[in-house]
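S.K.: Here's the letter readout for the chains.
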Amino acid sequence: MSDLISVQNVSFRYQEEQPYVLNDVSLTVEKGEWLAIVGHNGSGKSTLARHLNGLLQPEKGDILVEGYNSRDEKSIWEIRRRVGIVFQNPDNQFVGTSVRDDVAFGLENNGVPRVEMIERITESIKRVKMDEYVDQEPHRLSGGQKQRVAIAGIVALRPSIVILDEATSMLDPAGRKEVLETMRELKEEEGMTVISITHDLEEAAKADRMIVMNKGEIIDEGLPATIFQKGEMLEEIGLDLPFPLQMHRALKERGYPLDSLTLSQEDLVDAIWTLQSKN
Amino acid sequence: MMQNIIIGQYVPGKSYVHNLDPRAKLLTTFLFVIIVFLANNWITYALLGAFTISAIVVSRIPIRFIYNGLKPILLIIILTFFLHVFLTKEGPLLFDLGFIEVYQGGVEQGVFISMRLLFLIMITSLLTLTTTPIDITVGLETLLGPFKRFGLPVHEFALMMSIALRFIPTLLEETEKIMKAQAARGAQFSSGPIKERLKSIVPLLVPLFVSAFKRAEDLAMAMEARGYRGGEGRTSIRLLKWEAKDSLLFVFLLVLSIALILLRS
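These protein sequence lines are chains A and B, in that order.
Each position in the first sequence, counted from 1, maps to that position plus 3 in our numbering.
Each position in the second sequence, counted from 1, maps to that position plus 27 in our numbering.
These are calculated hints, taken from the structure and not from any lab test.
Just so it is clear, CB atoms sit at the ideal spot from N, CA and C, and this is done for glycine as well.
Some but not every residue of chain A turned toward chain B, in silico, with C-beta under 7 angstroms:
| id | residue |
| --- | --- |
| 1 | N56 |
| 2 | L58 |
| 3 | R83 |
| 4 | Q96 |
| 5 | A107 |
| 6 | G109 |
| 7 | E111 |
| 8 | N112 |
| 9 | G114 |
| 10 | M120 |
| 11 | H142 |
Please take these sequences and the hints and turn them into a complete structure.
M.R.: This is the structure:
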């Protein structure tokens, strides 16, 4: 495993004399992993995401993406081609007047020749299973479909990293599932690295690695299973524990000997129905 | 609500006129607007009329769409007609009502001027009826391309246009949502005296503007994240194809112009 992104002692504030939104943050992102960055509103997680593709410049510290430093004017375009961001609001990131136009937007910006563009568009629209909607206008699409188009627009640029910046928080449960499944497939099949910025711990529970942020600082980092051991810490910084975990805790308080942590509903069901057979 | 706004009065179709290159249509319309003013006698107006009517027939656009385009200026056409009939005093006297005299020249002028207006509106609405707004935008962008050298922000205008077009339905949806939300709190949009109704628009416009600015900011961020850095070095997915039929139309219009110059008195 090699480091794709390395963030070195980054501090940032939007205006001078204001408190730091990011305070001496250091982290690395490895190739092919699914990294979840969780935190409450105002924890600095979205600000961090915007640093990772050069939309914001750190005040102190450096950010390296595949060796390109985001401080360097010329590197920025290289970085933006390598790191795609899916933003929160599905409507406000749809630039084109149709699905095809929108996927084309990033390619047009990068001066990809038209013949190659068409090829890449067809391919990436198929990847997110939107091929039936190529000529559809955005207002006829659901939120989940729009986010999938946004993903296709990024995939067409052949990036190494996709950042989901609260990309599912405005979607209904079905749309959320659509988007996450699409991303998961991309990760499995193409070896894409995914950074998911979220306050939904249920989503974070499925990640390979987790980073917890609070007030601009990284307060914990590790496997989801390890971090969820510290349920109280997560609740203290204003995050809601996933339902299976809450249930697990409530049962335990009432004296049921559930041992292993139940991060998903299936885990919980398994733990409950095997409870008696163990004794 | 969605239908009444000009998201395009575009009527989908596959006719000869629909399939023309938008550049050809734009240029033709432009040229037509100029040559309309060459006509000054019955034969030249008949020629222009024949061109206009055959263009409409070939486009297979239902007449009622053309009529809808004409409706707003119908009054102006009628008014100009009568102004000319009553005020132009040329040629032999046709009849005299005592307080008003009508001359042959007046009637002729009235007919000519209203036909001129009629043809102008018909041809220009035919352009918007057979071409999607986005095609018109792309057409204009390529046609005006050479002016970039003189500092005209052609690409920026085209991008602005296409983003505006893309957000019309989104903002309409939002307007409807805000209207419902305000109505639920007792706001009335459709009754009461004009002054009250104008006042009631304020609580509709303020949230709409606030959210539009928020959207603009988000969109700018998303565009930048996807590598947007202005028109330089950009390629385009939309390709315009100038074909034989486009040149044919152009030649036809040139012939029409020459005929008008030769036949005008």
